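Peer 1: Chain residues, written in single-letter form:
Protein chains: 2
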Amino acid sequence: MDNMNLNKHISGQFNAELEGVRNQVMSMGGLVEQQLNDAIDTVHDQNLEIARRVVERDVKVNSLEVSIDEECTRMIAKRQPAASDLRLIIAIIKTIADLERIGDEAKQIAHMVIDNANKTQPPLVSIENMGRNVVKMLHNSLDAFARMDVEAAVKIHESDKRVNREYESVVRELMTFMMEDPRSIPNVLKVLWAARAMERVGDRCKNICEYIIYFVKGKDVRHIGSDNLQSILDE
Amino acid sequence: MDNMNLNKHISGQFNAELEGVRNQVMSMGGLVEQQLNDAIDTVHDQNLEIARRVVERDVKVNSLEVSIDEECTRMIAKRQPAASDLRLIIAIIKTIADLERIGDEAKQIAHMVIDNANKTQPPLVSIENMGRNVVKMLHNSLDAFARMDVEAAVKIHESDKRVNREYESVVRELMTFMMEDPRSIPNVLKVLWAARAMERVGDRCKNICEYIIYFVKGKDVRHIGSDNLQSILDE
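Sequence lines, in order, name chains R and X. Per UniProt numbering, the very first residue in the first sequence carries number 1; after that it's consecutive. Per UniProt numbering, the very first residue in the second sequence carries number 1; after that it's consecutive.
Just to be clear, a hint being listed does not mean it is correct.
Copies of one chain are not kept apart here, so a pair can be met inside one copy or by any two copies together.
BS3-like, lysine-lysine: derived pairs with alpha carbons at most 27 Å apart [unchecked claim]:
#: 1; residue 1: 60; residue 2: 136
#: 2; residue 1: 155; residue 2: 78
#: 3; residue 1: 136; residue 2: 161
#: 4; residue 1: 161; residue 2: 78
#: 5; residue 1: 161; residue 2: 60
#: 6; residue 1: 119; residue 2: 190
#: 7; residue 1: 60; residue 2: 219
The set of hints was computed from the structure by calculation and includes no laboratory data. Keep in mind that this is a model prediction, so the values were computed, not measured.
The task is simple: from the sequences and hints, build the whole structure.
Peer 2: Structure, rendered in C-alpha cells:
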C-alpha cells in the first residue's frame with residue numbers, strides 16, 4: 001500500500017488514529033466485497049447455505065459502519081482537524097455509508113436467490129457477468145481508496161457507464177423472457193430487482209471515487225458530470 | 001417553529017451560524033418536498049410540462065446539497081464543535097444526502113411520466129395514493145427535523161411499514177396487469193420503478209428520523225430495528 005500521497009496530508013499528531021480508522025474502512029470494504037462476491041456466486045451455483053450466510057452476515061457490516069462512524073465523530077471532537085485531515089474524515093464517513101448500502105444490495109441479491117430457489121429461472125448468464133464486473137468495480141474502488149489514487153478513481157468512475165449498458169441489456173433480455181412466458185413474471189421480477197441492486201452498486205462505487213477526488217483535490221465533484229471529471233486530473 | 005429543545009443544546013457562540021445552516025436545510029427540504037409533490041401530481045394529471053420542470057429543477061437540489069455540505073465542513077474546521085453541536089452538524093450532513101437522493105427519486109418518477117406519455121397505462125390509482133402518503137411522510141419528517149422532535153420521529157419511522165405494505169400491494173396489482181397483457185410489460189415496468197422510487201423515499205425519511213434521534217438522544221439507532229425504537233423515548 002503506497003501511502004506517500006496520503007501522508008503528505010496528515011499532520012503528525014493523530015496520524016496513528018487516522019491510520020487506524022483507514023484500516024477499519026479497508027476491513028469493512030473487504031467484508032462488503034466478500035459479501036457481494038458470495039452473493040453473485042450464489043446466482044451462479046444456487047448455494048442456499050451461502051446465500052443465507054450473506055443475509056446473516058449483513059449485521060456485521062452494519063455494526064462496522066456504526067463503530068467507524070462513532071470513531072470519526074470522536075476524532076473530530078477530540079482532534080479538531082482542519083484542511084485535508086478533516087476532508088479525510090468526511091470522506092470516510094461518506095464512504096462507509098455507501099459501503100453499508102452495498103452490503104444491503106448484496107443481501108438483496110442473496111434474498112432473490114433464496115426466494116427463487118427450485119423455481120423456473122430465466123437465463124442468468126448476463127446478470128452473472130454483470131455481477132462479476134460490479135464486484136471488480138468495487139474491488140478497484142477500494143484499491144483506489146487505499147492508495148487515494150485520483151487517476152484510478154476517475155477511470156473507475158467512467159467504467160460505470162459500461163455497467164449501465166450491461167444493466168439495460170439485462171433488462172431487455174428479462175423483458176423478452178417475461179413476454180414469452182407471462183407465468184414467469186413473479187420470478188423474473190425478483191431477478192430484475194437483483195440486477196437493479198447490482199446497477200446501484202456501480203453508482204455507489206462512483207460515489208466512493210468522488211470522495212477520493214474530494215479528499216485529494218479538495219473539490220466536490222458529485223454533480224459535475226463524468227465528462228468534466230477528466231479535467232480534474234490536469235488541475 | 002419551536003426551538004426550545006434545540007437552543008438548549010447550542011453553545012452561544014455560533015448559534016447564528018448553526019441557525020443559518022438549519023434554515024438552508026429547511027429550504028432544501030421545502031424544495032425537495034415540492035419536487036416530490038409535483039412528480040406525484042404528474043402521475044395523476046400527466047402534465048408533461050411540470051414533469052420536465054421536475055427533471056430540470058433537480059440541478060438546484062444538487063447544488064444546495066453541495067453548498068450546505070461545504071458550509072458544514074467549514075464550520076467544523078472553524079468552530080471546532082463538540083457534543084451536541086457536532087452531532088447537529090453531522091446530522092445535517094447526513095440529512096442533506098438523503099434529501100438529495102429523494103430529489104433523485106422525484107426526478108425518476110417524472111421521467112417515468114415523460115417516457116410513458118401517450119402509451120397504454122396500467123391502473124395508476126394505487127401508486128398515486130402511495131405517492132401521496134410518501135409526500136406526507138416527507139413533510140412530517142421535515143417538520144420533525146425543524147423541531148428536532150424525537151417522539152414525532154419515532155412515529156414517522158413506524159409509519160414506513162404502511163408505505164411498504166402499500167408498495168407490496170402496488171407490485172401485486174401491476175404484476176397481475178402484466179400477466180393479463182404481456183405487451184404492456186415495458187410500460188408497466190417503468191411504473192414499477194416509480195413505485196420502487198416512492199418506497200425508497202419512505203426509507204430515506206426513516207433515515208432522517210434516525211438522525212433526529214441521533215442528535216437529540218446522542219444515540220445511533222440505525223440498525224436496531226423499529227420495534228426497539230419506542231424504548232428510546234423512555235430513556
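Peer 1: Against this structure, judge whether each hint is valid.
Peer 2: Hints, one by one, checked against the model:
1. 60 x 136: within (22 Å within a copy, 33 Å between copies)
2. 155 x 78: Result: close neither inside a copy nor across copies, 36 Å intra and 34 Å inter.
3. 136 x 161: Classified as within; 14 Å inside a copy, 35 Å across copies.
4. 161 x 78: neither (41 Å within a copy, 39 Å between copies)
5. 161 x 60: between (31 Å within a copy, 24 Å between copies)
6. 119 x 190: This pair counts as both: shortest intra-copy Cα distance 12 Å, inter-copy 25 Å.
7. 60 x 219: between (32 Å within a copy, 18 Å between copies)
Checked against the numbered hints given earlier, this structure breaks hints 2 and 4; the rest are met.
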